[in-house]
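Assemble the whole structure, with the sequences as input and the hints as a guide.
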Amino acid sequence: AQSVTQLGSHVSVSEGALVLLRCNYSSSVPPYLFWYVQYPNQGLQLLLKYTSAATLVKGINGFEAEFKKSETSFHLTKPSAHMSDAAEYFCAVRGTTDSWGKLQFGAGTQVVVTP
Amino acid sequence: ETGVTQSPTHLIKTRGQQVTLRCSSQSGHNTVSWYQQALGQGPQFIFQYYREEENGRGNFPPRFSGLQFPNYSSELNVNALELDDSALYLCASSLETGMNTEAFFGQGTRLTVV
Numbered sequence: 001a002q003s004v005t006q007l008g009s010h011v012s013v014s015e016g017a018l019v020l021l022r023c024n025y026s027s028s029v030p031p032y033l034f035w036y037v038q039y040p041n042q043g044l045q046l047l048l049k050y051t052s053a054a055t056l057v058k059g060i061n062g063f064e065a066e067f068k069k070s071e072t073s074f075h076l077t078k079p080s081a082h083m084s085d086a087a088e089y090f091c092a093v094r095g096t097t098d099s100w101g102k103l104q105f106g107a108g109t110q111v112v113v114t115p
Numbered sequence: 001e002t003g004v005t006q007s008p009t010h011l012i013k014t015r016g017q018q019v020t021l022r023c024s025s026q027s028g029h030n031t032v033s034w035y036q037q038a039l040g041q042g043p044q045f046i047f048q049y050y051r052e053e054e055n056g057r058g059n060f061p062p063r064f065s066g067l068q069f070p071n072y073s074s075e076l077n078v079n080a081l082e083l084d085d086s087a088l089y090l091c092a093s094s095l096e097t098g099m100n101t102e103a104f105f106g107q108g109t110r111l112t113v114v
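For the record, the sequence lines run as chains S and E. Residues 1 to 115, numbered by the working numbering, are exactly what the first sequence covers, in order. Residues 1 to 114, numbered by the working numbering, are exactly what the second sequence covers, in order.
A hint or two may mislead.
[To be verified] Label pairs and their computed distance ranges (CB to CB):
| no. | chain 1 | residue 1 | chain 2 | residue 2 | range |
| --- | --- | --- | --- | --- | --- |
| 1 | E | G40 | S | S80 | 24 to 32 angstroms |
| 2 | E | S65 | S | Y39 | 26 to 34 angstroms |
| 3 | E | R57 | S | G16 | 42 to 50 angstroms |
| 4 | E | K13 | S | G95 | 29 to 37 angstroms |
| 5 | E | G40 | S | K68 | 26 to 34 angstroms |
| 6 | S | N61 | E | P70 | 35 to 43 angstroms |
| 7 | E | F69 | S | L20 | 40 to 48 angstroms |
| 8 | E | S65 | S | S80 | 41 to 49 angstroms |
| 9 | S | E64 | E | L67 | 35 to 43 angstroms |
| 10 | E | G40 | S | S3 | 14 to 22 angstroms |
By construction, these hints were calculated from the structure, which means they are not laboratory data. Note that the structure is a prediction, hence the values are computed from the model and not measured. Even for Gly, the Cβ is constructed at its ideal location relative to N, Cα and C.
Written out as structure tokens, the structure is:
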């Protein structure tokens with residue numbers, strides 16, 4: 001069974017500073033990995049996904065993530081935070097033989113951006 | 001906008017009652033998944049429907065049931081509501097073919113059980 005752990009339930013960053021959100025996965029084989037963002041009272045929006053192609057994945061809104069098999073990690077970064085990045089971020093995993101809709105989510109990291 | 005629509009957006013029910021939540025999937029998608037997101041937590045997979053059949057279930061009791069219709073829209077039914085069922089219920093649709101696809105989520109239905 002696959003699972004993900006997100007380190008840090010809350011992260012506060014200054015506008016213009018680096019955003020780093022940590023995600024570690026547990027799986028017997030490298031799974032597919034995702035980062036989703038959720039704004040208040042809304043559903044989930046896909047930021048990016050890793051599906052065993054390039055290990056450095058670029059997503060929307062300037063976010064990127066790097067798959068590191070040796071560290072079983074898939075951390076999300078953005079070089080310069082913007083006020084609009086304030087939201088909750090979820091890392092998710094899907095087994096390679098599972099369907100696209102069957103995801104295991106982490107507990108989430110709430111990002112606060114300060115001026 | 002993902003094209004996945006859920007109704008109603010908010011709902012208040014009394015403990016012991018039954019509730020039906022609805023999801024209209026994105027055009028062309030043949031799979032619908034349902035998730036429960038309790039306050040302050042990540043979404044938890046309830047079950048998935050593919051071509052009108054249940055195709056995978058998470059750790060939820062049988063009082064959580066669903067349907068998928070020929071047009072691929074879906075319903076989530078919860079019987080004998082408990083206070084802990086209060087949550088945001090998310091529906092996601094996907095097309096189960098190929099590598100370059102993803103699950104698209106609706107806005108969710110906020111269920112409050114009192």
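We went through each hint and held it up to the structure:
1. E:G40 - S:S80: 24 to 32 angstroms: 28 angstroms, holds
2. E:S65 - S:Y39: 26 to 34 angstroms: Taking Cβ atoms as reference, S65 of chain E and Y39 of chain S lie about 30 angstroms apart, which means the hint holds.
3. E:R57 - S:G16: 42 to 50 angstroms: 45 angstroms, holds
4. E:K13 - S:G95: 29 to 37 angstroms: 34 angstroms, holds
5. E:G40 - S:K68: 26 to 34 angstroms: Given a distance of about 28 angstroms, which is inside 26 to 34 angstroms, the answer is holds.
6. S:N61 - E:P70: 35 to 43 angstroms: The hint (35 to 43 angstroms, Cβ to Cβ) holds, given that N61 of chain S and P70 of chain E are roughly 37 angstroms apart.
7. E:F69 - S:L20: 40 to 48 angstroms: 44 angstroms, holds
8. E:S65 - S:S80: 41 to 49 angstroms: 47 angstroms, holds
9. S:E64 - E:L67: 35 to 43 angstroms: Holds - the Cβ-Cβ distance for E64 of chain S and L67 of chain E, about 40 angstroms, lies within 35 to 43 angstroms.
10. E:G40 - S:S3: 14 to 22 angstroms: 18 angstroms, holds
This entry satisfies every hint, going by the numbered hints stated previously.
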